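**Q** Each chain, written out:
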Amino acid sequence: MVLPLLIVLVNALKSPAEYSANGPLSLPDGLYLDGLKDFWTRVDFGNTLLNSVLISGSVAVFGVILSVLNAYAIGIGRIKGKAYFLAFFVLANVLPQEALVYPLYYLSKEVGLYDTRLSLIIVFSVVQAAFGTYLLSSVLGAFPREIIEAARIDGANSWQILWRMVVPVSRPTLGVLLVFFFIWTWNEFLLPLVMLPSNDNQTVSVALGVLQGQRLMDATMTNAAGLLGALPAIVFFLLFQRTLTRGIAVGAVK
Amino acid sequence: MSARPLRLRNPYALYLIPGVIAFLAVVIVPFAMNIYFSLTHWQGVGSPTWAGLENYQELMKDSRFWESFRHSVAMVLAMAVIPTAVGLVVAAALFDFIGKHFGSRLAGVLRACFYLPQVLPITVAGIVWSWILAPENGSLNELLKAVGLGSLQQDWLGDPKFALYSVMAVMVWVQLGFPVVIFMAGLQRVDPSLHEAAELDGTNWWQRFWHVTLPQIRPEIHVVMLWCTIAALKVFGAVYVLTKGGPADATIVPSYFSFSTFFEKTDVGYGSAIATVLTLIILALTTVGLRFQSRSEDAR
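Protein chains in written order, with the numbering used here: chain F, 36 to 289; chain W, 28 to 327.
These aren't lab readings, by the way, just hints derived from the structure by calculation.
It should be emphasised that the depicted structure is a prediction, and the values quoted were computed from it without experimental measurement.
Mixed in with the good hints, there may be bad ones.
Here are the computed lysine-lysine pairs in the DSSO-like style, where the Cα-Cα straight-line distance is at most 30 Å [unchecked claim]:
(1) W/127 - W/271
(2) W/292 - F/144
(3) W/172 - W/188
(4) W/292 - W/188
(5) W/271 - W/88
(6) W/292 - W/271
(7) W/188 - W/271
(8) F/144 - W/271
(9) F/72 - W/271
Given the sequences, and given the hints that come with them, work out the whole structure.
**A** Take a look at the structure:
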């Protein structure tokens with residue numbers, strides 16, 4: 036499974052001359068880093084990375100806040116018609132983005148948010164919160180009622196109960212959601228492709244996809260792109276491996 | 028008397044206000060607009076003209092539309108059916124064999140290797156694979172030559188005969204980690220004494236896999252099949268990066284078809300109709316899938 040990535044690593048370190056002489060299957064003679072450097076400057080990769088971090092990070096935070104508020108009302112507040120609200124959020128999660136993409140493109144132009152990172156932050160916070168609401172509602176539904184009743188008797192209002200009890204106790208699940216929202220948003224392609232046409236605003240995923248679509252790259256640069264595009268994902272993966280594997284199991288079986 | 032409505036009002040309902048407003052603005056209103064657009068002829072500029080169901084009638088006669096859905100079936104095979112089947116065997120092998128004989132650490136590392144493609148941006152997977160599958164100097168063709176099978180070299184993504192199968196193979200690679208991780212988590216839930224009892228009865232590994240493991244993790248299998256099928260129907264990025272639906276529509280899928288109708292042909296009405304049909308299919312499948320799942324869980 037990791038073999039394709041290893042071949043990319045090996046070839047990202049070869050010079051074009053060496054690549055054309057020995058082909059993709061040989062080991063590199065030495066370290067050739069110019070391909071990586073060329074690619075970095077050509078797509079302004081530093082700026083692209085920053086866009087991805089900014090968008091994914093904001094979405095993770097706002098998405099979790101929105102999920103917590105929704106799930107608090109549904110899971111703990113047990114508001115009237117909660118099954119319908121839950122179904123509403125699940126549906127929003129299942130809808131294909133194809134059915135939203137043109138109206139969102141159109142609306143973002145109307146309100147002057149087209150080609151801004153803010154437009155994507157808003158859209159993805161909501162899209163991710165659909166899943167977060169669904170998952171957190173069932174977690175909070177099982178929250179021990181006695182604790183909440185006790186706090187209420189002590190005079191805490193619902194806002195205090197949310198921030199002083201519910202949020203701290205459900206911190207592990209919120210952590211899982213943060214990581215997921217961050218990585219999912221990082222990897223999103225269709226909406227960023229449509230909503231962020233200018234190079235200055237593009238995310239890593241889109242910048243690579245557009246380059247690949249234009250097929251302007253030689254083999255060395257292709258491998259540099261593959262390697263640099265994969266690296267952040269691999270770093271998150273190593274950092275959050277435990278959270279991720281535990282999280283998808285929790286998310287799936289709920 | 029007048030205090031009664033106040034007491035009935037649930038203070039927690041206030042917490043739904045931001046969520047409901049945001050969902051209306053980002054999901055519900057745009058979705059309603061999409062349905063409206065699908066009932067018009069519109070190029071994206073000027074004002075839409077009412078068309079009723081004309082776009083849908085045209086769709087039913089459009090061979091590209093049907094072809095894109097045939098390819099969806101291929102994607103369900105590549106992204107749901109094959110990964111589930113292979114994932115079951117891999118997860119059971121990692122859990123029963125590697126985990127028991129070589130330690131759970133090695134099993135964990137191998138599981139991580141299977142999962143890695145899932146966290147890569149799909150565009151990275153696309154870049155990597157379109158280079159591996161390239162006709163000139165591509166790693167796969169070079170490898171075939173190196174082992175003396177040069178006659179099997181192909182233009183994997185550029186030949187209409189092979190393009191769909193190549194995309195399917197890439198999607199299996201991308202998707203396999205998801206079932207593996209979920210099934211391994213499910214296996215941890217299975218009571219080991221069931222396996223031990225079956226082992227004492229003299230069953231072999233396949234019999235235990237089939238009669239003990241599989242029935243125990245049925246809820247996980249349903250979940251994986253459902254989510255992977257939905258993902259397969261929505262597949263876009265991989266097709267955009269690998270083939271752009273070509274060559275000669277050999278890999279066109281509904282989401283790419285609607286995307287290109289929106290933004291290349293600027294036929295918004297028709298694109299919206301494609302997106303609406305895709306949505307209906309996904310919603311129907313999800314509803315059936317969830318109902319099926321809850322019924323089978325009740326039966327346990």
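**Q** Would you list, in rising numerical order, the hints stated earlier that this structure does not obey?
**A** The structure conflicts with hint 1 only, although it agrees with all the remaining ones.
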